[in-house]
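Please construct the entire structure, taking both the sequences and the accompanying hints into account.
So the protein lines, in turn, are chains A and B. Going by our numbering, the first residue of the first sequence is number 1, and it counts up by one from there. Going by our numbering, the first residue of the second sequence is number 1, and it counts up by one from there.
To be clear, the hints were calculated from the coordinates, so they are not data collected in a lab. Glycine is no exception: its CB is placed at the ideal position from the N, C-alpha and C atoms. Among the hints, erroneous ones may be present.
[Claimed, not checked] Here's a subset of chain A near chain B, in silico, CB distances under 10 Å, partners left out:
no., residue
1, SER33
2, SER64
3, LEU201
4, PRO215
5, GLY216
6, GLY349
[Stated by the list, open to error] Using C-beta positions, here's what the derived DEER-type ranges look like:
no., chain 1, residue 1, chain 2, residue 2, range
7, A, ASP176, B, ILE5, 17 to 25 Å
8, B, ALA85, A, ASP24, 53 to 61 Å
9, A, PRO240, B, ARG163, 52 to 60 Å
10, B, ALA264, A, GLY308, 36 to 44 Å
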Amino acid sequence: MMRKSILLVFIALLALGSTCFAEDLKVGFVYVSPVGDAGYSYAHDQGRLAVEAMDGVTTSFVESVAEGQDSERVILNMARKGYDVIFATSYGYMDPMLKVAKDFPKVTFMHCSGYKNAPNMANYFGRIYQARYLTGMVAGAMTKSKTLGYVAALPIPEVIRGINAFALGAQAVNPDVQVRVVWTKTWYDPATEKEAAKSLLDVGCDVIAQHQDSPGPQEAAQERGAYSIGYNTDMSSFAPKSHLTSAVWNWGPFYKEMVQQIKDGTWKSQFYWYGLDKGIVDIAPFGPMVPGDVQKKVLAKKLEIASGAYKVFSGPIRDQAGKEKVAAGAVMSDADLLGFNWFVQGVVGTLE
Amino acid sequence: MSPEILLSLLAATIQAGTPILFATLGEILTEKGGTLNMGVEGMMLVGALAGFLVALHTGSPVLAFVAGGLAGMGMAAVHGIVCIAFLGNQVVSGLALTIFGTGLAGYFGTRYIGQTAPGFDKFSLPILGELPVLGPILFQQDALVYTSYLIPPLMWAFLRYTRWGLGIRAAGESPAATRAAGLNVLGFRWAALLGGGILAGCGGSYLSLAYTHLWTNGLTSGRGWIAVALVIFAFWKPGRAMLGAYLFGGVMAFQLRLQAMGTALPSSILLMLPYVLTIAALAFSSWRGHRTEAPAALGVNVEPSE
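Set out below in structure tokens:
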């Protein structure tokens with residue numbers, strides 16, 4: 001009798017347990033760098049925390065995962081452990097993830113910044129170039145030497161697009177502004193990136209923007225009394241005296257939307273490329289040195305872009321040589337943007 | 001190139017060369033004593049992290065710099081235990097030290113990525129800083145750069161004129177003769193190795209305390225290897241180490257400025273320049289037959305007496 005009742009209680013507990021936990025959606029994240037870097041992975045992890053706060057969802061992450069085979073092992077391991085959704089947040093995870101996705105049709109795979117799809121694997125990215133256009137407007141309004149510096153990682157379409165958007169934004173408020181580009185071929189090398197920023201300051205740039213994760217360029221700008229524009233997250237803490245604003249990621253709303261769709265069964269594999277409209281990208285609060293009328297102008301433009309009334313890459317746009325690439329009235333297609341391989345007029349730098 | 005850009009390029013050259021100078025001098029001292037230590041990169045990384053952590057927690061850059069040196073010495077001691085005490089293969093142990101140092105610094109340092117620590121800032125030396133041309137290049141730097149100016153002459157004099165310096169050189173040239181003279185060969189080898197470790201650690205902490213005030217995994221990004229190569233370029237002479245380190249730092253700073261000025265050369269080629277220069281310098285010094293200037297017993301282990 002006693003034994004039977006214990007068994008019954010045990011079964012009841014098990015049943016209770018399974019109803020409590022069965023519906024918990026397990027969501028895994030794979031990051032390319034440490035989450036503490038105040039940069040790219042940190043921004044993704046803020047999004048994960050927003051998902052974690054949802055009901056019936058548990059999340060976990062693996063940081064500093066090298067692209068390539070290491071990442072395949074990590075993604076495979078997550079799939080085997082019964083994760084329902086896996087977000088892989090770096091370009092080089094694309095092929096490994098595709099491989100794992102084929103073997104686990106019931107798991108939903110989300111790959112950031114790539115282009116390969118499967119029925120259970122979607123791509124997503126954010127239109128950070130929209131935020132960069134706005135930061136360009138701020139830089140264009142603040143420069144005295146009409147020369148802006150841009151410390152850039154690698155000449156790939158994502159980075160080129162950002163530089164072009166920044167230049168167009170600056171030219172929108174200050175028509176003959178120049179943007180000088182220095183490539184470092186690094187994503188997080190504070191010493192080299194700082195030195196690159198200094199080299200731009202040496203040739204007369206008075207605002208430094210960047211497309212890397214380290215705050216090295218911000219430090220350089222502050223030391224020389226110039227201005228700076230950050231990337232990924234609000235970088236004001238690294239250079240409070242020089243930081244004008246940053247182009248920032250805000251993944252929370254998107255990640256929550258995706259997880260909700262998967263829970264509801266309405267999720268479809270596709271290419272998600274949201275921007276200011278969904279709040280995936282934004283600009284950080286302005287530094288105190290940015291005048292009120294500039295702030296107002298930039299925020300008005302932000303609303304215009306968010307509503308779709310204004311497109312960043314609408315003609316006329318000329319290339320470095322002055323040749324018209326986009327006619328007046330025309331707008332570049334997403335396909336063109338994803339394959340961007342030329343600089344707009346006013347950018348000084350090579351594409352190699 | 002305008003004069004202002006040239007001055008600033010040369011000032012940047014000194015700064016970019018300083019961490020390499022510290023490390024190269026350290027490896028020269030170590031090799032003069034007969035020990036080959038290929039673990040410079042690992043010692044620099046651990047030194048950089050130790051310096052950064054002490055700066056972060058105590059707020060004292062001077063203490064942090066000392067800690068960086070001591071951490072480098074600790075790493076060198078590992079090499080010493082393997083090679084001097086247990087007669088292990090010096091090349092293998094050195095390579096292992098680099099891998100170990102990279103992992104160790106990554107393990108303890110990852111959580112500190114993205115934080116800023118206090119460090120050394122630039123200040124102009126009185127009188128010297130006002131000099132035309134030389135002032136802005138050499139004497140408007142940080143305290144660690146000024147320190148690095150003093151080490152090559154001191155090390156030169158130490159190796160040439162002091163009992164300890166002569167003992168270290170003897171231990172590296174002819175351990176048997178040194179022992180026959182009644183000197184403690186292993187003691188001199190240990191001293192050279194540990195001293196070299198301190199300098200390598202100092203070079204690493206220059207990166208996290210002065211060049212930037214940040215830590216990241218792999219902060220040294222190959223500078224330790226450049227130092228190992230520059231020892232040969234320098235013919236094991238402290239003075240020539242300065243030339244090598246600044247040459248390398250200069251090319252590094254120059255290629256970035258060339259990009260900033262708007263050159264048509266592809267950046268991939270420009271970024272390669274410092275490394276091409278290193279290979280060329282090595283080939284040149286070997287071709288001139290200077291390889292024979294290496295300490296005769298370099299890399300050869302010495303059996304403990306009795």
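These are the hints, each one checked on the structure:
The interface hint given for A/SER33 holds, since its Cβ lies 8 Å from the closest Cβ of chain B, which is under the 10 Å cut-off. The closest approach between the C-beta of A/SER64 and any C-beta of chain B is roughly 7 Å, which is under the 10 Å cut-off, so the hint is satisfied. With a cut of 10 Å, the hint placing A/LEU201 at the interface with chain B holds, because the nearest CB-to-CB distance is about 9 Å. With its C-beta approaching chain B no nearer than about 7 Å, A/PRO215 sits inside the 10 Å limit, and its interface hint holds.
Residue-level restraint check for A/GLY216 holds (minimum Cβ-Cβ distance to chain B is 6 Å; threshold 10 Å). Because the closest C-beta pair between A/GLY349 and chain B is about 7 Å apart, less than 10 Å, the hint holds. Distance hint check: the CB atoms of A/ASP176 and B/ILE5 are about 22 Å apart, consistent with the given range 17 to 25 Å. The hinted range of 53 to 61 Å is satisfied by B/ALA85 and A/ASP24, whose Cβ atoms lie roughly 56 Å apart.
For the pair A/PRO240 and B/ARG163, the beta carbons lie near 54 Å from each other, so the given range of 52 to 60 Å is met. Against the hinted window of 36 to 44 Å, the Cβ-Cβ separation of B/ALA264 and A/GLY308 comes to about 39 Å, which satisfies the hint.
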